[in-house]
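Participant: Sequence:
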Amino acid sequence: MSRPLPPSYKTKNWPSYNEALKQRGSLTIWFDPDMVWVPRPTGKQGRQPQYSDAAIQTCLTMKVLFGMALRQTTGFVESLLRLAGLDWSVPDFSTLSRRQKTMAVAIPYRGSQGALNLLIDSTGIKAEGEGEWHARKHGGAKRRLWRKIHIGVDEHTLEIRAIEVTGSNVGDAPMLPELLDQIPADVEIGSVTADGAYDTRKCHDAVADRGADAVIPPRKNAKPWKPSTAGAIARNEALRASKYLGRAIWRRWSGYHRRSRAETKMHCVKLLGQSLMARDFDRQVAELQVRAAVLNGYTALGIPVTEPMG
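Each residue of the sequence shown is one higher than the one before, starting from 6 at the first, in the working numbering.
I should point out that these hints are in silico values taken from the structure, not numbers from a laboratory.
Across the chosen pairs, the derived CB separations fall in these ranges:
#	residue 1	residue 2	range
1	Y114	G144	39 to 49 Å
2	A202	G307	24 to 34 Å
3	D200	A111	27 to 37 Å
4	G144	S265	31 to 41 Å
5	G260	R45	43 to 53 Å
Listed below are the simulated DSSO-like cross-link pairs for lysine-lysine, each with C-alpha atoms no more than 27 Å apart in a straight line:
#	residue 1	residue 2
6	K131	K275
7	K106	K275
8	K17	K27
All residues carry an ideal CB built from backbone N, CA and C; glycine is no exception.
Could you build all of it, start to finish, from the sequences and the hints given here?
Facilitator: Structure representation (C-alpha coordinates):
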(Lines of atoms letter the chains of each structure in order from A and count residues from 1; the text may use other names and numbers.)
(Lines give C-alpha, C1' and ligand atoms only; values in the text may rest on other atoms or scores of the structure.)
Protein backbone atom coordinates (compact mmCIF):
# COMPACT_ATOMS: atom_id res chain seq x y z
CA MET A 1 0.00 0.00 0.00
CA SER A 2 1.51 3.32 -1.08
CA ARG A 3 1.75 6.24 1.26
CA PRO A 4 -0.62 9.15 0.71
CA LEU A 5 0.94 12.23 -0.81
CA PRO A 6 1.59 15.01 1.71
CA PRO A 7 -0.73 17.97 1.25
CA SER A 8 0.57 21.12 -0.36
CA TYR A 9 -0.22 24.57 0.99
CA LYS A 10 -0.56 28.03 -0.52
CA THR A 11 0.39 31.22 1.30
CA LYS A 12 -2.55 33.62 1.14
CA ASN A 13 -0.78 36.72 2.47
CA TRP A 14 2.49 36.45 0.61
CA PRO A 15 3.01 40.23 -0.05
CA SER A 16 2.67 41.18 3.63
CA TYR A 17 4.62 38.13 4.80
CA ASN A 18 7.40 38.90 2.32
CA GLU A 19 7.61 42.43 3.70
CA ALA A 20 7.74 41.05 7.25
CA LEU A 21 10.67 38.81 6.31
CA LYS A 22 12.51 41.86 4.96
CA GLN A 23 11.82 43.81 8.15
CA ARG A 24 13.44 41.06 10.21
CA GLY A 25 16.77 42.15 8.79
CA SER A 26 16.28 45.77 9.81
CA LEU A 27 18.16 46.97 12.87
CA THR A 28 15.78 49.87 13.43
CA ILE A 29 13.07 47.58 14.83
CA TRP A 30 15.14 47.11 18.00
CA PHE A 31 15.60 50.81 18.76
CA ASP A 32 12.69 52.99 19.84
CA PRO A 33 13.42 56.71 20.38
CA ASP A 34 10.79 56.71 23.14
CA MET A 35 12.59 53.92 25.00
CA VAL A 36 13.48 54.68 28.62
CA TRP A 37 17.25 54.27 28.38
CA VAL A 38 18.08 55.88 31.74
CA PRO A 39 15.72 54.79 34.55
CA ARG A 40 14.13 57.12 37.05
CA PRO A 41 15.61 57.30 40.57
CA THR A 42 14.39 54.45 42.75
CA GLY A 43 14.35 56.52 45.94
CA LYS A 44 16.44 53.92 47.75
CA GLN A 45 19.83 54.39 49.32
CA GLY A 46 22.92 53.47 47.38
CA ARG A 47 24.04 53.99 43.82
CA GLN A 48 21.22 54.35 41.33
CA PRO A 49 21.20 52.16 38.17
CA GLN A 50 22.59 54.04 35.19
CA TYR A 51 20.80 51.95 32.55
CA SER A 52 17.28 50.59 32.44
CA ASP A 53 16.42 46.93 31.90
CA ALA A 54 15.23 47.87 28.40
CA ALA A 55 18.68 49.26 27.58
CA ILE A 56 20.43 46.14 28.86
CA GLN A 57 18.01 43.88 26.99
CA THR A 58 18.56 45.82 23.76
CA CYS A 59 22.32 45.29 24.04
CA LEU A 60 21.86 41.60 24.84
CA THR A 61 19.53 41.32 21.84
CA MET A 62 22.31 42.53 19.55
CA LYS A 63 24.66 40.07 21.22
CA VAL A 64 22.28 37.16 20.57
CA LEU A 65 21.45 38.16 17.00
CA PHE A 66 25.06 38.46 15.84
CA GLY A 67 26.81 36.07 18.24
CA MET A 68 29.24 38.71 19.49
CA ALA A 69 31.22 38.92 22.70
CA LEU A 70 30.33 41.56 25.27
CA ARG A 71 33.05 44.01 24.28
CA GLN A 72 32.14 43.81 20.59
CA THR A 73 28.48 44.25 21.56
CA THR A 74 29.16 47.56 23.30
CA GLY A 75 31.01 48.89 20.25
CA PHE A 76 28.29 47.69 17.89
CA VAL A 77 25.47 49.27 19.88
CA GLU A 78 27.41 52.52 20.25
CA SER A 79 27.87 52.77 16.49
CA LEU A 80 24.17 52.08 15.87
CA LEU A 81 23.14 54.79 18.33
CA ARG A 82 25.42 57.29 16.60
CA LEU A 83 23.95 56.39 13.20
CA ALA A 84 20.46 56.81 14.63
CA GLY A 85 21.36 60.26 15.95
CA LEU A 86 20.90 59.30 19.62
CA ASP A 87 23.40 60.60 22.17
CA TRP A 88 22.79 57.81 24.68
CA SER A 89 25.72 56.29 26.52
CA VAL A 90 26.33 52.55 26.19
CA PRO A 91 26.94 50.19 29.13
CA ASP A 92 30.37 48.62 29.24
CA PHE A 93 30.96 44.89 29.09
CA SER A 94 31.20 44.42 32.86
CA THR A 95 27.86 46.16 33.38
CA LEU A 96 26.22 43.95 30.76
CA SER A 97 27.68 40.82 32.35
CA ARG A 98 26.57 41.82 35.85
CA ARG A 99 23.06 42.89 34.85
CA GLN A 100 22.52 39.82 32.64
CA LYS A 101 22.70 37.61 35.71
CA THR A 102 19.90 39.32 37.61
CA MET A 103 17.69 41.09 35.06
CA ALA A 104 14.11 40.07 34.33
CA VAL A 105 13.85 39.72 30.55
CA ALA A 106 10.64 41.15 29.10
CA ILE A 107 9.22 38.71 26.52
CA PRO A 108 6.61 40.62 24.49
CA TYR A 109 3.53 38.89 23.10
CA ARG A 110 0.34 40.07 21.44
CA GLY A 111 -1.98 37.40 22.81
CA SER A 112 -4.61 35.50 20.88
CA GLN A 113 -8.31 36.04 20.55
CA GLY A 114 -10.32 33.49 22.44
CA ALA A 115 -8.93 30.63 24.48
CA LEU A 116 -5.20 29.96 24.43
CA ASN A 117 -4.14 26.66 22.87
CA LEU A 118 -0.72 25.90 24.31
CA LEU A 119 1.80 23.63 22.57
CA ILE A 120 4.51 22.18 24.83
CA ASP A 121 7.93 20.92 23.77
CA SER A 122 11.46 20.63 25.12
CA THR A 123 14.95 20.10 23.76
CA GLY A 124 18.58 20.28 24.81
CA ILE A 125 21.18 22.87 23.88
CA LYS A 126 24.90 22.63 24.47
CA ALA A 127 26.41 24.87 27.12
CA GLU A 128 30.00 23.56 27.36
CA GLY A 129 32.11 21.08 25.45
CA GLU A 130 33.70 20.50 22.06
CA GLY A 131 31.83 20.86 18.78
CA GLU A 132 30.04 17.96 17.15
CA TRP A 133 32.78 17.38 14.56
CA HIS A 134 35.52 17.29 17.19
CA ALA A 135 33.48 14.92 19.35
CA ARG A 136 32.81 12.58 16.42
CA LYS A 137 36.39 12.65 15.14
CA HIS A 138 38.36 12.52 18.38
CA GLY A 139 35.82 11.57 21.02
CA GLY A 140 33.98 14.01 23.20
CA ALA A 141 35.57 15.43 26.32
CA LYS A 142 34.36 14.18 29.65
CA ARG A 143 32.94 17.58 30.49
CA ARG A 144 30.06 18.14 28.07
CA LEU A 145 27.33 20.23 29.65
CA TRP A 146 23.83 20.61 28.27
CA ARG A 147 20.84 22.73 29.24
CA LYS A 148 17.23 21.85 28.63
CA ILE A 149 14.71 24.32 27.21
CA HIS A 150 10.99 23.90 27.92
CA ILE A 151 8.64 26.18 25.99
CA GLY A 152 4.92 26.74 25.59
CA VAL A 153 3.84 28.15 22.21
CA ASP A 154 0.55 29.81 21.31
CA GLU A 155 -0.93 27.76 18.47
CA HIS A 156 -2.54 30.73 16.69
CA THR A 157 0.07 33.48 17.01
CA LEU A 158 3.10 31.14 17.19
CA GLU A 159 4.48 33.22 20.06
CA ILE A 160 6.40 31.78 23.00
CA ARG A 161 4.18 32.32 26.02
CA ALA A 162 6.18 30.36 28.61
CA ILE A 163 9.81 29.25 28.88
CA GLU A 164 11.82 27.37 31.50
CA VAL A 165 15.50 26.42 31.50
CA THR A 166 16.80 23.48 33.53
CA GLY A 167 19.69 21.07 33.68
CA SER A 168 19.80 18.06 31.39
CA ASN A 169 18.93 15.76 34.31
CA VAL A 170 15.45 17.27 34.74
CA GLY A 171 12.59 15.44 33.03
CA ASP A 172 9.95 16.95 30.79
CA ALA A 173 6.83 16.19 32.82
CA PRO A 174 7.77 18.04 36.06
CA MET A 175 8.10 21.32 34.12
CA LEU A 176 4.60 21.42 32.61
CA PRO A 177 2.99 22.84 35.78
CA GLU A 178 5.77 25.44 35.91
CA LEU A 179 5.00 26.49 32.34
CA LEU A 180 1.29 26.78 33.09
CA ASP A 181 2.06 28.96 36.11
CA GLN A 182 3.62 31.53 33.76
CA ILE A 183 0.26 32.02 32.04
CA PRO A 184 -1.77 34.64 33.95
CA ALA A 185 -4.69 33.24 35.89
CA ASP A 186 -7.16 35.45 34.02
CA VAL A 187 -6.13 33.97 30.64
CA GLU A 188 -8.39 31.15 29.51
CA ILE A 189 -6.51 28.06 28.33
CA GLY A 190 -8.46 25.95 25.87
CA SER A 191 -6.08 23.03 25.42
CA VAL A 192 -2.56 21.88 26.24
CA THR A 193 -0.89 19.66 23.64
CA ALA A 194 2.23 17.67 24.51
CA ASP A 195 3.84 14.33 23.69
CA GLY A 196 3.62 11.08 25.62
CA ALA A 197 6.39 12.06 28.04
CA TYR A 198 3.85 14.28 29.80
CA ASP A 199 1.39 11.44 30.42
CA THR A 200 1.60 11.69 34.21
CA ARG A 201 -0.90 12.40 36.96
CA LYS A 202 0.63 15.73 37.90
CA CYS A 203 0.53 16.97 34.30
CA HIS A 204 -3.09 15.97 33.76
CA ASP A 205 -4.12 17.43 37.12
CA ALA A 206 -2.31 20.70 36.36
CA VAL A 207 -4.08 20.98 32.99
CA ALA A 208 -7.47 20.12 34.55
CA ASP A 209 -6.94 22.74 37.29
CA ARG A 210 -6.75 25.40 34.56
CA GLY A 211 -9.97 24.10 33.00
CA ALA A 212 -8.19 23.03 29.80
CA ASP A 213 -8.28 19.90 27.67
CA ALA A 214 -5.14 17.77 27.72
CA VAL A 215 -4.17 16.51 24.25
CA ILE A 216 -1.52 14.06 25.46
CA PRO A 217 -1.27 10.59 23.88
CA PRO A 218 -1.33 7.79 26.46
CA ARG A 219 1.68 5.53 26.59
CA LYS A 220 1.56 2.26 24.63
CA ASN A 221 1.36 0.20 27.82
CA ALA A 222 -0.98 2.67 29.57
CA LYS A 223 -3.50 1.39 32.09
CA PRO A 224 -6.58 3.21 33.40
CA TRP A 225 -6.04 5.34 36.47
CA LYS A 226 -8.23 5.49 39.52
CA PRO A 227 -10.74 8.27 38.69
CA SER A 228 -10.02 10.29 41.82
CA THR A 229 -9.33 13.62 40.08
CA ALA A 230 -10.64 15.48 37.05
CA GLY A 231 -7.31 15.00 35.32
CA ALA A 232 -7.42 11.23 35.79
CA ILE A 233 -10.99 11.06 34.44
CA ALA A 234 -10.04 13.04 31.31
CA ARG A 235 -6.97 10.88 30.80
CA ASN A 236 -9.01 7.66 31.04
CA GLU A 237 -11.38 9.00 28.39
CA ALA A 238 -8.43 9.72 26.10
CA LEU A 239 -7.12 6.20 26.73
CA ARG A 240 -10.45 4.63 25.78
CA ALA A 241 -10.73 6.78 22.67
CA SER A 242 -7.21 5.93 21.50
CA LYS A 243 -7.84 2.21 21.95
CA TYR A 244 -11.19 2.39 20.16
CA LEU A 245 -10.06 4.53 17.25
CA GLY A 246 -6.43 3.50 17.09
CA ARG A 247 -3.49 5.72 17.95
CA ALA A 248 -3.06 7.13 14.42
CA ILE A 249 -6.72 8.10 14.00
CA TRP A 250 -6.90 9.45 17.56
CA ARG A 251 -3.96 11.76 16.94
CA ARG A 252 -5.60 13.15 13.82
CA TRP A 253 -9.01 13.43 15.47
CA SER A 254 -7.70 15.17 18.60
CA GLY A 255 -5.46 17.61 16.69
CA TYR A 256 -2.29 16.25 18.28
CA HIS A 257 -0.22 16.88 15.13
CA ARG A 258 -0.39 20.64 15.67
CA ARG A 259 2.35 20.10 18.27
CA SER A 260 4.79 20.12 15.34
CA ARG A 261 4.52 23.92 15.43
CA ALA A 262 6.25 23.87 18.80
CA GLU A 263 9.03 21.73 17.32
CA THR A 264 9.42 24.27 14.51
CA LYS A 265 9.68 27.07 17.07
CA MET A 266 12.34 25.11 18.95
CA HIS A 267 14.27 24.81 15.69
CA CYS A 268 14.09 28.60 15.38
CA VAL A 269 15.55 28.94 18.88
CA LYS A 270 18.56 26.91 17.79
CA LEU A 271 18.96 28.92 14.59
CA LEU A 272 20.12 31.76 16.86
CA GLY A 273 22.97 29.52 18.01
CA GLN A 274 23.58 25.83 18.50
CA SER A 275 25.29 26.49 21.83
CA LEU A 276 25.19 29.03 24.63
CA MET A 277 27.84 31.70 25.04
CA ALA A 278 27.24 32.33 28.75
CA ARG A 279 28.87 30.04 31.31
CA ASP A 280 26.88 30.94 34.44
CA PHE A 281 23.45 29.29 34.74
CA ASP A 282 21.56 32.51 35.51
CA ARG A 283 23.17 34.22 32.53
CA GLN A 284 22.29 31.23 30.35
CA VAL A 285 18.65 31.57 31.41
CA ALA A 286 18.68 35.24 30.45
CA GLU A 287 20.33 34.45 27.12
CA LEU A 288 17.61 31.96 26.21
CA GLN A 289 14.88 34.33 27.37
CA VAL A 290 16.34 37.01 25.09
CA ARG A 291 16.15 34.52 22.23
CA ALA A 292 12.45 34.00 22.99
CA ALA A 293 11.92 37.77 22.98
CA VAL A 294 13.69 38.06 19.61
CA LEU A 295 11.55 35.33 18.06
CA ASN A 296 8.35 36.91 19.38
CA GLY A 297 9.47 40.20 17.88
CA TYR A 298 9.97 38.51 14.52
CA THR A 299 6.58 36.82 14.78
CA ALA A 300 4.85 40.12 15.56
CA LEU A 301 6.06 41.50 12.22
CA GLY A 302 4.01 38.91 10.35
CA ILE A 303 3.45 35.18 9.92
CA PRO A 304 2.23 33.24 6.86
CA VAL A 305 -1.44 32.41 6.49
CA THR A 306 -1.71 29.18 4.53
CA GLU A 307 -4.51 27.05 3.12
CA PRO A 308 -4.38 23.51 1.73
CA MET A 309 -4.54 23.09 -2.03
CA GLY A 310 -6.46 20.42 -3.88
